[in-house]
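Engineer: Sequences listed follow chains A and B, in order.
The opening residue of the first sequence carries number 1 in full-length UniProt numbering; numbering runs sequentially from there.
The opening residue of the second sequence carries number 1 in full-length UniProt numbering; numbering runs sequentially from there.
Treat the hints as calculated values from the structure; they're not laboratory data.
It is possible that some hints are incorrect.
As the list claims (entries may be wrong) - Looking from chain B toward chain A, a few residues come up when the C-beta cut is under 7 Å (computed):
hint	residue
1	Arg94
2	Gly105
3	Thr182
4	Arg189
5	Gly190
6	Asn388
7	Gly432
Glycine residues also receive a C-beta, built at the ideal position from the N, C-alpha and C atoms.
Each chain, letter by letter, is given below.
There are 2 protein chains.
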Amino acid sequence: MSDTFLAEAARLLGPKGLTTDPADMAAWLTDWRGRYTGRACAIASPADTEEVAALVRLCDRHSVPIVPQGGNSGMSGGATPFEHGGEIILSLRRMNRIRGLDPAGRTVTCEAGVILQVLHEAAEKADLRFPLTLGGKGSATIGGLVSTNAGGTQVLRHGSMRALVLGLEAVMADGSVLDLLTPLKKDNRGFDLKQVLIGSEGTLGIVTAATLKLVPQIAGRTVMWAGTPSLHDARSLLLLAEDLAPGLVEGFEVLPQHSLEAVLDYLPDARAPLAESHPWHALIELVAADETTAARLPEIAEHLLATAFERGLINDATIAASEDQAERLWLIRETISPAERAIGPAMQHDISVPVEKMPAFVEAAVPRLEVDWPGTRAVCFGHLGDGNVHFHVIAPAGRERAEWEAGEGKAISAQVHDMVTAWGGSISAEHGIGRLKRDDLARLADPAMLATMRAIKQALDPKGLLNPGKLV
Amino acid sequence: MSDTFLAEAARLLGPKGLTTDPADMAAWLTDWRGRYTGRACAIASPADTEEVAALVRLCDRHSVPIVPQGGNSGMSGGATPFEHGGEIILSLRRMNRIRGLDPAGRTVTCEAGVILQVLHEAAEKADLRFPLTLGGKGSATIGGLVSTNAGGTQVLRHGSMRALVLGLEAVMADGSVLDLLTPLKKDNRGFDLKQVLIGSEGTLGIVTAATLKLVPQIAGRTVMWAGTPSLHDARSLLLLAEDLAPGLVEGFEVLPQHSLEAVLDYLPDARAPLAESHPWHALIELVAADETTAARLPEIAEHLLATAFERGLINDATIAASEDQAERLWLIRETISPAERAIGPAMQHDISVPVEKMPAFVEAAVPRLEVDWPGTRAVCFGHLGDGNVHFHVIAPAGRERAEWEAGEGKAISAQVHDMVTAWGGSISAEHGIGRLKRDDLARLADPAMLATMRAIKQALDPKGLLNPGKLV
Chain A
1 MSDTFLAEAA RLLGPKGLTT DPADMAAWLT DWRGRYTGRA CAIASPADTE
51 EVAALVRLCD RHSVPIVPQG GNSGMSGGAT PFEHGGEIIL SLRRMNRIRG
101 LDPAGRTVTC EAGVILQVLH EAAEKADLRF PLTLGGKGSA TIGGLVSTNA
151 GGTQVLRHGS MRALVLGLEA VMADGSVLDL LTPLKKDNRG FDLKQVLIGS
201 EGTLGIVTAA TLKLVPQIAG RTVMWAGTPS LHDARSLLLL AEDLAPGLVE
251 GFEVLPQHSL EAVLDYLPDA RAPLAESHPW HALIELVAAD ETTAARLPEI
301 AEHLLATAFE RGLINDATIA ASEDQAERLW LIRETISPAE RAIGPAMQHD
351 ISVPVEKMPA FVEAAVPRLE VDWPGTRAVC FGHLGDGNVH FHVIAPAGRE
401 RAEWEAGEGK AISAQVHDMV TAWGGSISAE HGIGRLKRDD LARLADPAML
451 ATMRAIKQAL DPKGLLNPGK LV
Chain B
1 MSDTFLAEAA RLLGPKGLTT DPADMAAWLT DWRGRYTGRA CAIASPADTE
51 EVAALVRLCD RHSVPIVPQG GNSGMSGGAT PFEHGGEIIL SLRRMNRIRG
101 LDPAGRTVTC EAGVILQVLH EAAEKADLRF PLTLGGKGSA TIGGLVSTNA
151 GGTQVLRHGS MRALVLGLEA VMADGSVLDL LTPLKKDNRG FDLKQVLIGS
201 EGTLGIVTAA TLKLVPQIAG RTVMWAGTPS LHDARSLLLL AEDLAPGLVE
251 GFEVLPQHSL EAVLDYLPDA RAPLAESHPW HALIELVAAD ETTAARLPEI
301 AEHLLATAFE RGLINDATIA ASEDQAERLW LIRETISPAE RAIGPAMQHD
351 ISVPVEKMPA FVEAAVPRLE VDWPGTRAVC FGHLGDGNVH FHVIAPAGRE
401 RAEWEAGEGK AISAQVHDMV TAWGGSISAE HGIGRLKRDD LARLADPAML
451 ATMRAIKQAL DPKGLLNPGK LV
């Protein structure tokens, strides 16, 4: 790292655009979950795409590696610099303009630094909705969400970022600007470069802006809760819901009796939605964009539950009679993580297998782990419709957290990832690879897949200056 | 081309797997539209993925360029060898097994040589549907459809191949097999290599199999026809339909009065759907997968048309009262191409612009061309919902076809492509680039886009043996 480089960067970006002050930098050197703390020679905060491009060209000339960063709320350490301190953090947070919102076309073009919550509010003002949300919405930026192909609770109906990005602008490793912002529903002019960049975690190019899809506001919703004999039946219930309420199923979450009980213990005011206990529970939300369909949702929900009951897919069910009741049902789902954590140390896994195999996978993996690791309890809950569950393995009672996690916990995680791979699944359904799972990916991924990824990385970033040491 | 190579290939593939017989080869040396006729040293027809991989390794050793070919029904010459004769055609047609159909998971895994129609029939037997269809369904293969990201008439609701491919198997330039067949709804393990290969026209790898999405069979449909004052109103009508019939709009096609009259002149038995003439017409199809919703479709259609009428979006409309009437409405739409062709020579363009700009584009481009080229008539019809229209420019009366096409017609096409590019659109919405539009792409594409595509091509096919001279 030469002083020339920093001086040139300062001249390029101006006083607002570059800091080397340790106090200003501290918050951005540690990742969201506190797993990694690195160092950086500076934080650059360009004001626009041209400044990003100029900075990238400067870094190229001086061979300075770049760590792109948005809200710093990633789960896998992908936006945190390494400990050696030779990297520069390229923060996109100053680029926070909404360049345009087209209500008729239902699209919005945002710079990379726009915060998700801000986008939600802008869409709402236009009587529209951006249908992706997640816990970190107050800090997560559009650039980070695109670069990590973020998911959330509405993926079942609307897809992850990959499905919501209509256009993209990115600065490539040589400082050229790839302008793919214009949204075209049909375009067969060669390779889909948008899709190459989405989810590439800043290793192939720096996303500076995106054109995103908006959808109509919700005119009404109906939330229901069903007790079901097995995860297989829950899966059949989901297929039935998609048939009987096509285009209306916004959420479909599952949890075992164990998780429900954990929540009931944890939340003093919570009540069980159903009178009796059931092996599995499903939380289903139907939504409609227009008043006419919204008025019919309760009727559609009743027909769905009656049909499911006739077919033996559910044993009992209830439909929320008010928004308040609906909120209470969702609160149970959203409290599972803290409730399970309150029980004691647990290894958490963000996995997916083919949707139709999820019931069989859970039935095979849960007892296998509980037998192999006596005293543990394996719990799965989450987005059955996406084939993506949170797979928690809770430590035997009385174990010390740090020691258990570093020892047995680590071996358990390796076994979970081995099992997922054997079932053709993914060791990272939502949270990406970053630094956290890079070695696991190298260990478990298909060699041809790894070789192809590495060849693309080498082609688009020959000097290896874009987020090195992450992902590939 | 050495005799050693052909001898080794023959040994590798057996008598069924290789031919150099001119009579056997003739049909596969000319493209579907008869624009190009090339030569090839042989046609290889491997029986399975391993044979494809072995052949690719052999070609790599002998530096023999490969032209992958499915049903040879592409529109842009992408599967036709060049005139020099040094290439080998790699036909995937022998690999025509459906490896598995999972009715519960609603997926099917096909080898590349499975013909689209055969897949339709297999899905139907399982009471499901593969929701992509096009004119060449009796010859087009799954491998070709994936490699060209094919579209068709159901893209509005179900997307093009890109949206229907859940998994992919491909042989890469070094003969390694990239196995991405397992369908995962959520997977954030790095770059989406599936999406890199889809639409790459055999220039990055050879698609040998794909796992595809199936959808429920249709329980019923309602087809309607509306006369609308302008293309802007037709666009508003589409947005209204998507709001009032969410998830049910299967087709939305537009045509001008001129095209309707051309069809009425051409088809002796056809009758105008509406009593009066209108500047534009919209053909709308709603479909439902379940009986309950299907029974409500006429009511939904009436509500949609009444609302559109109140808002001044349409002046008149009719709902097909029977399947026979529905077929007659679709027949009008499907007869536009031959009816327009019967009028005389025309330059046809496969273009898209952002959906919301399509009305303004047509209003600007049509008079511009008719003024610049006196006596011509520009006609647009097709998939308004996809921002993709067939843009035909009909020659002035009395012109000789070949002479007009080679002279004025060529200049008109260049002007159409320039205008589309200026509007941020695509010169190839559906049919791909192949050999036909390679030079136009090089002339009009963003330099950063071209450079990125070329870098990826160079990385994944360093010797340039996969379908050279096509696309990039």
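Engineer: Holds or violated: is there a CB of chain A closer than 7 Å to the CB of glycine 432 (chain B)?
Structural biologist: holds (5 Å)
Engineer: Would the stated hint for arginine 189 (chain B) survive a check requiring a Cβ distance to chain A of less than 7 Å?
Structural biologist: holds (5 Å)
Engineer: Mind checking the CB of arginine 94 (chain B) against every CB in chain A and telling me if the closest is under 7 Å?
Structural biologist: violated (23 Å)
Engineer: Does glycine 105 (chain B) hold up as a contact with chain A if the rule is Cβ-Cβ below 7 Å?
Structural biologist: holds (3 Å)
Engineer: Regarding the hint that asparagine 388 (chain B) lies at the interface with chain A, is the smallest CB-CB distance below 7 Å?
Structural biologist: holds (4 Å)
Engineer: Taking the closest Cβ pair, is glycine 190 (chain B) under 7 Å from chain A?
Structural biologist: holds (5 Å)
Engineer: Under 7 Å is the threshold here; is the Cβ of threonine 182 (chain B) close enough to any Cβ of chain A for the hint to stand?
Structural biologist: It holds, given that the least Cβ distance between threonine 182 (chain B) and chain A is near 4 Å, below 7 Å.
Of the numbered hints given earlier, the model fails hint 1 alone.
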